[in-house]
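Novice: Chains as they are written, first to last, in our numbering: chain A, 1 to 268; chain B, 1001 to 1201.
Keep in mind that the hints were calculated from the coordinates and are not lab data.
Check before you lean on any hint, since a few could be wrong.
Residues from chain A that keep clear of chain B, each with C-beta distances beyond 10 Å, as calculated [said to hold, decoys possible]:
#1 Arg95
#2 Pro148
#3 Gly183
So the derived list for chain A, only partly shown, Cβ under 8 Å to chain B, looks like this [to be verified]:
#4 Leu3
#5 Arg6
#6 Ala71
#7 Asp72
#8 Phe75
#9 Gln124
#10 Asp149
#11 Gly150
#12 Glu156
#13 Tyr160
#14 Ala210
#15 Pro214
#16 Asp237
Glycine included, every Cβ here is placed at the ideal spot set by N, Cα and C.
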Amino acid sequence: MALTKRIIPCLDLKDGRVVKGVNFLGLRDAGDPVELAARYNEQGADEVVFLDITASKEARGIIIDVIERAADQLFLPLTVGGGIRSIADIREILRAGADKVSINTSAVQNPELISEGAVMFGSQCIVVAMDVRKNPEMRDGATPITMPDGAVVWYEVVIYGGSHPTGIDAVEWAKEAERRGAGEILLTSMETDGVKQGFDVAVTAAISDAVGIPVIASGGVGTLEHFYDGFLTGHADACLAASVFHFGEMTVKEVKEYLRDRGVAVRI
Amino acid sequence: MTTKVAILDYGIGNLRSVSRGMEKAGVTPVITKDTTVMMGCDGVVLPGVGAFSEGMDKLGILREALCRYAEDRPVLGICLGMQMLLEKSTEFGLHEGLGLVPGEVLPFVKTPGMKIPHMGWNTIHTEQPSPLFDGIPQESYVYFVHSFYAKTGAEHTLTTTDYICRFASSIWNGNVYGVQFHPEKSGDTGLAILKNFISLL
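Isolated chain A, as found in the complex (with noise of 0.2 Å):
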């Protein structure tokens, strides 16, 4: 028997709803995270990520509710990220009953953020979360990734939600952030989220590979087979998803049903 490979579903959460997939469908108007939870949890969900998009300082409280209300009736792992900027932020979300903290703009604009917050909680609760988008012009120093077309690329890093380019290497960030002692990357591929076409497994074994810590994929996912590619091709430990899951289009048993068949160990 072996570590298995993990299936996360990521809710959003605005105001201590879930937002994504929920407005659509209509029907799951309740849209309330813990019980969506519970149902991933049921459908053997590995572990689960809220990430809080509430843009208001003031609805802090909210989410802090939403944890404590996940870590009384869910018995396993809960990230949350958003909004995250403090070690006061980390342990009052820790404390709340999550079991790791998701840092992204604020671990770029003061790393320290993520030594200060391994040495204080530990390296297992520390992800750091990157948000990385091709750059074909490539540059002295970058990293050079080669794409399935045969380019040479670099990735870089962009801030605020995908808005705000750094220069910043992305396999180099990764670097850094495993240094720094954070105990997990979640990488998201601006080229690939939300359009279905399946993880950018370039830069995601890219950077997997540089890097001694467990990467998780996003973004990207929309059949069964790209949950394969990310883990086989992307060399990913773990592959994060949101709309497909909120959707209906498929389930995490689905999902797991698939990868055992082609071999992929998973917990079912």
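Assemble chain B onto chain A, guided by the hints.
Specialist: Same frame as chain A, but now just chain B:
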């Protein structure tokens, strides 16, 4: 009188899920760092995540009390809490543990293609029968997150797990039990293990 289980709060780790797990198992969890309160409980859970030396430092005066407690009542160490039950660790230098179970804590050897920490769901293989794993099927999945592992004798090994090497994923010595994985994060299997611990009280 209701059964009370002390969950040691020494400023490390997520106690909420362990506490709720205990409630689900039918006992009253008492989150405490007070030795007198601990001594008044029917069992003790030593949780923990993070670094070994920091854990031992923060444990402070609870160390001695815990060793006395374990002489005649059940203790369950979880993750770092399990590692601290052993005699020593080489994490960031050599550090002394509680010494309640013979053995030591070692780092996983860096191996190409194998990520550290060992993070996610893996199986436990029963090495000897134990009330802690009563009714738990062989090769059940539980959730792990750790970069160091326990090395102890076969007589103190309850289950093993394979990752980079075959390591002791749960250990025991008399009243003292330890699990490397997180039962409070391991769904129904984990809750069943917590219930089994409660049945020892």
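Novice: Was the hint right that Glu156/A lines chain B, CB cutoff 8 Å?
Specialist: violated (25 Å)
Novice: Would the stated hint for Phe75/A survive a check requiring a Cβ distance to chain B of less than 8 Å?
Specialist: holds (5 Å)
Novice: Do the numbers back the hint for Ala210/A, that is, is its least Cβ distance to chain B under 8 Å?
Specialist: violated (12 Å)
Novice: Against chain B, does Pro148/A hold up as non-interface, every C-beta pair farther apart than 10 Å?
Specialist: Given a closest Cβ separation of 22 Å, the condition holds.
Novice: Say whether it holds or is violated: Gly183/A keeps its Cβ farther than 10 Å from all Cβ of chain B.
Specialist: Answer for Gly183/A: violated, closest chain B Cβ roughly 6 Å.
Novice: Regarding the hint that Pro214/A lies at the interface with chain B, is the smallest CB-CB distance below 8 Å?
Specialist: Given a least distance of 5 Å, the restraint on Pro214/A holds.
Novice: Confirm or reject the statement that Arg95/A sits farther than 10 Å, beta carbon to beta carbon, from all of chain B.
Specialist: At about 8 Å from chain B, Arg95/A fails to clear the 10 Å cut-off, so the statement is violated.
Novice: Interface hint check: Asp149/A, Cβ to nearest Cβ on chain B, cutoff 8 Å. Holds or violated?
Specialist: violated (27 Å)
Novice: Can the hint on Asp72/A be confirmed by a CB-to-CB distance to chain B that is less than 8 Å?
Specialist: holds (5 Å)
Novice: Given Leu3/A as an interface hint, is its Cβ closer than 8 Å to any Cβ of chain B?
Specialist: holds (5 Å)
Novice: Let's test the interface hint: is any C-beta of chain B closer than 8 Å to that of Ala71/A?
Specialist: Since chain B brings a Cβ to about 5 Å from Ala71/A, closer than 8 Å, the hint holds.
Novice: Any CB of chain B closer than 8 Å to the CB of Arg6/A?
Specialist: OK, holds: Arg6/A within 8 Å of chain B, min 5 Å.
Comparing the model with each earlier hint shows violations of hints 1, 3, 10, 11, 12, 13, 14; every other hint is respected.
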